[in-house]
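Following the hints, complete the assembly by docking chains B and C onto the known chain A.
Chain residues, written in single-letter form:
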Amino acid sequence: MTAPLRKHGLALVTLLALAAAPFLGFGDGFALSLLSRAMILGMAAVSLSLLVGGAGLVSLGHAATMGIGAYAVVAFDAAGVNEGLIVFPAAIAAAAAYALVTGAVSLRTSGVHFIMITLAFGQMAFFTTSSFSSLGGDDGYTLYARTEWLGMRIMDNRLTFHFLCLGLLALVWAGGSLLLGSRFGRVLRAARENPQRVLAVGFQPYPYRLVAYVMAGAVGGLSGALLANATEFVSPALLSWTRSGELLFMVILGGVGQLGGAILGALAIVLLEETLSHLLVYWRLVFGPLLVLSVLFLPDGLIGAPLRLRAAFRFASPKRRNADA
Amino acid sequence: MSMLLVQALNGLQFGVLLFLVAAGLSLVFGVMDLINLAHGVQYMLGAYVAATLGVWTGSFWLGALLSLPVALLVGLALEWLVFRHLYRRDHLSQVLATFGVILTVEEATRALWGSAPQTVLEPSGLTGGAMGGVEIIAGLIYPTYRLVIIGVGIVVPLLLWFLVERTRAGMLVRAGATHPAMVSALGVDIRRLFTVVFAFGAMLAGFAGALASPIFPVAPGMGDTVLILCFVVIVIGGVGSIRGAFIAALLVGLLDTVGRAMLPDLLRLLLDPSSARQTGAALASMLVYIVMAAILFFRPAGLFPGGRSA
Amino acid sequence: MPDPLLELHGLSKNFGALTVTSDVSLTVLPGEIHAIIGPNGAGKTTLIHQISGTLRPDRGTIRFAGQDVTALPFERRARLGLARSFQITSIVPGFTALENVALAVQARSGSSFRFLRPVATEKALNEEARAALDTVGLEQVADRTAAALSHGEKRQLELAIAIAMNPRLLLLDEPLAGAGPEETERLIGILHGLRSRYGILLVEHDMQAVFALADRISVLVYGRVIVTGTVDEIRGHPEVRTAYLGEDALA
Chain A
1 MTAPLRKHGL ALVTLLALAA APFLGFGDGF ALSLLSRAMI LGMAAVSLSL
51 LVGGAGLVSL GHAATMGIGA YAVVAFDAAG VNEGLIVFPA AIAAAAAYAL
101 VTGAVSLRTS GVHFIMITLA FGQMAFFTTS SFSSLGGDDG YTLYARTEWL
151 GMRIMDNRLT FHFLCLGLLA LVWAGGSLLL GSRFGRVLRA ARENPQRVLA
201 VGFQPYPYRL VAYVMAGAVG GLSGALLANA TEFVSPALLS WTRSGELLFM
251 VILGGVGQLG GAILGALAIV LLEETLSHLL VYWRLVFGPL LVLSVLFLPD
301 GLIGAPLRLR AAFRFASPKR RNADA
Chain B
1 MSMLLVQALN GLQFGVLLFL VAAGLSLVFG VMDLINLAHG VQYMLGAYVA
51 ATLGVWTGSF WLGALLSLPV ALLVGLALEW LVFRHLYRRD HLSQVLATFG
101 VILTVEEATR ALWGSAPQTV LEPSGLTGGA MGGVEIIAGL IYPTYRLVII
151 GVGIVVPLLL WFLVERTRAG MLVRAGATHP AMVSALGVDI RRLFTVVFAF
201 GAMLAGFAGA LASPIFPVAP GMGDTVLILC FVVIVIGGVG SIRGAFIAAL
251 LVGLLDTVGR AMLPDLLRLL LDPSSARQTG AALASMLVYI VMAAILFFRP
301 AGLFPGGRSA
Chain C
1 MPDPLLELHG LSKNFGALTV TSDVSLTVLP GEIHAIIGPN GAGKTTLIHQ
51 ISGTLRPDRG TIRFAGQDVT ALPFERRARL GLARSFQITS IVPGFTALEN
101 VALAVQARSG SSFRFLRPVA TEKALNEEAR AALDTVGLEQ VADRTAAALS
151 HGEKRQLELA IAIAMNPRLL LLDEPLAGAG PEETERLIGI LHGLRSRYGI
201 LLVEHDMQAV FALADRISVL VYGRVIVTGT VDEIRGHPEV RTAYLGEDAL
251 A
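Residue numbers (the numbering used here), protein chains in the order written: chain A, 1 to 325; chain B, 1 to 310; chain C, 1 to 251.
I should point out that these hints are in silico values taken from the structure, not numbers from a laboratory. Be careful, since some hints might not be right.
Claimed, not checked - Label-pair ranges, simulated between beta-carbon atoms:
#1 C:Ala-120 to A:Phe-297: 30 to 36 Å
#2 B:Arg-191 to A:Phe-297: 17 to 23 Å
#3 B:Leu-73 to A:Tyr-144: 51 to 57 Å
#4 A:Phe-233 to B:Asp-90: 35 to 41 Å
#5 A:Phe-297 to B:Thr-167: 34 to 40 Å
#6 B:Arg-88 to C:Gly-16: 43 to 49 Å
#7 B:Ser-184 to A:Lys-7: 26 to 32 Å
#8 C:Gly-16 to B:Ser-184: 24 to 30 Å
#9 C:Thr-45 to B:Leu-186: 25 to 31 Å
#10 B:Arg-88 to C:Leu-116: 51 to 57 Å
#11 A:Leu-298 to C:Thr-45: 37 to 43 Å
This structure is a prediction, so every number in the text was calculated from the model and none was measured. C-beta: ideal position from N, C-alpha, C; glycine also.
Only chain A is shown next, with the shape it has when bound in the complex (with noise of 0.2 Å):
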């Protein structure tokens, strides 16, 4: 019983968090929609990492689904349509079309073509969303009013919301970590390693990839949808590689096999553009060397973090390495 707990404790501990947050002096207005927007990027980040540390499948296009979500949710507002039976659904169908015809041909590939496909398709989903000037365009559109469901203004509470997102949260990385443990995810994780192996057992890795690839679009799709509720503004911008490229440092932050991790990488990156936007005008000097340096010098994510300074330290410090000799 301790070691699935040991393997998922930081992301229960995560979870809890999220939950007190609100009680915890975080409960105003800003605090709460900071919150959300960390726990809804979390929730595609945590798609995105079932598919690269689950899978070995790295997609630089993830931004791509949670934009089609949101502007699923965008053309029904157009069309004066805001119950969320109907909306959520649609957008996440939406995002799973998407991921299914993409992913039936980037996954041909492997590889560095891999990611340059998928970061191609995702530019083709941004140009197509920015030409629709029905929809705004390049310079977004202003949702009228939040979904609602069967007619109740759910999502329009701050509080309600934040916990909506959190039970989200919350089955998804269930979802996903079951996901990971099963006969699938098992294909999954051994064709990451070693395709040839898989092969000659005699499965196909290409079917097990799709589908994965499809829950992840799904998913996608569905904190789309939410972000898009929680902005109430969405623009094409929310779909470029920029958002994609932030996805995947979420996950490697996080720990790339660590599915929880990525709920960690999500609230830091949140955090830290929130805080560096607020202290600079030119912001991202700071935050682009940050990224850099995290990824020479954090290959593990943040949690590997104290036992590299550890080893760090002990390596400085003569008599101490020469007390573990």
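Chains B and C in isolation, oriented as in the chain A frame:
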């Protein structure tokens, strides 16, 4: 018809620029197995430096010429600071680190030059005046400058081919691409080889940026669009293949330019003007990627695979 | 004479001007150990690639368990019961030994499009996996990460995975390569024990092992099978001696 010819020439010229950037990207990937997203900022910096130096010196060509050593220096600096630590790392780390570089350099550009597009001098002709145009067919004058770029697109690939296939340095590059350990064992300083290849690629990209500056707006995001299209070029052409990059670059350049110009008009035959414009614009954006997807569906390794496999 | 498990008819493969496989025909009978030997560069590994399906021959047919499999891809042949081991050990380093083998059992035990139930709790898979590990003598290290196993243990693991596939034919590409004397003895013992359970086609350099194990031997030289016969027939064959000129192994 003459409209089509002009757009086709524009497409070729755009293709040449794409090739110059893609060649460096493909070389770096082929030799060092490094996926370098930040290659686009080399292009951008080439344009910015050429524009600024052109205005300072009063001569576009002088500015363009002076931008080459600057591009080289920046490339060397970036290689020393960041990229050489990435050669042994996995592709995900390379992607993210180079992504961080893009953010930093683009922001620095914004800080130094502002976000508004830069002023670029008109390229001067042999007599010192404007370059004017050349009459290609009766009544149609095409800008000489753009023809020069197309000319570059003939000379540089030939030069590259000669360098890679016929010189000793090129042989080392080709060997380093397939068996770096072997080349190293033979006493060649593989690190120096990598640095040279990297810097050369950076210079090509900067050169492309300088050439592009009178035609395309010199603004902080200019490298990003070019970079993505270069990825499409490499994927279609086959990673590590210069010949593939050349053909794919021209293809992509033509598709993108002609598509954008012609599709809205074509669609007006079927739809009303405003729908035609919107759908045409949307389709034109997607055209290159649709073609890429179609090619990849039948040839996942690109048109000219071989060389390093991903 | 039982129906052959594997039949190669006139298999040929060229790489440009280089002929790597030239009109190769041989059979493997159920329950027999058929070894392929030959000097370096004879094209043994290329032959294995063609039999397993990772390389397409230019000419010729391959029949496995009565079916023409010449056009079938690698993983389909695996599903039909053709288990291959690799010259360079190919396992999943991040999995435990048990999980490596359980994956093979899973492949033939129903659909793997199951998304929720933790596969580590599937007793049936684990039991069969442990049985395979037992056969090769790795039951003690079942829960150790595969990457942490010794070189010899990794080779044993590869055998275990192949066995766990419940195959009809084992295709072994130099299973003793790089093995020390103790390892070699152990592996020979395991292969002895597998005899008659499956048909085994074995490519090997180690002559002692080949003579100890094989029911029949085919000698491959420059892509051609120059002779197929029993151990004694091969030992005394003049052409085989010539091909191995200078090697004491046949003396």
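Going down the list of hints, with the structure as the test:
1. Range check, Ala-120 (chain C) to Phe-297 (chain A): Cβ separation about 34 Å, and the 30 to 36 Å hint holds.
2. Look at Arg-191 (chain B) against Phe-297 (chain A): about 21 Å separates their beta carbons, and that is inside 17 to 23 Å.
3. Between Leu-73 (chain B) and Tyr-144 (chain A) the beta carbon distance is about 53 Å. The supplied range of 51 to 57 Å therefore holds.
4. In this structure the supplied range 35 to 41 Å holds for Phe-233 (chain A) paired with Asp-90 (chain B), their Cβ-Cβ distance being about 36 Å.
5. Taken as a hint, the range 34 to 40 Å holds for the pair Phe-297 (chain A) and Thr-167 (chain B), whose Cβ atoms sit roughly 39 Å apart.
6. For the pair Arg-88 (chain B) and Gly-16 (chain C), the beta carbons lie near 34 Å from each other, so the given range of 43 to 49 Å is not met.
7. Checking the proposed 26 to 32 Å range against Ser-184 (chain B) and Lys-7 (chain A) shows it is violated: the Cβ atoms sit about 41 Å from each other.
8. Take Gly-16 (chain C) and Ser-184 (chain B): their Cβ atoms lie about 29 Å apart, and the range 24 to 30 Å holds.
9. A C-beta distance of roughly 27 Å is found between Thr-45 (chain C) and Leu-186 (chain B), which places it inside the suggested range of 25 to 31 Å.
10. At about 39 Å, the beta-carbon gap between Arg-88 (chain B) and Leu-116 (chain C) misses the expected band of 51 to 57 Å.
11. Range check, Leu-298 (chain A) to Thr-45 (chain C): about 42 Å between beta-carbon atoms, so the 37 to 43 Å window is met.
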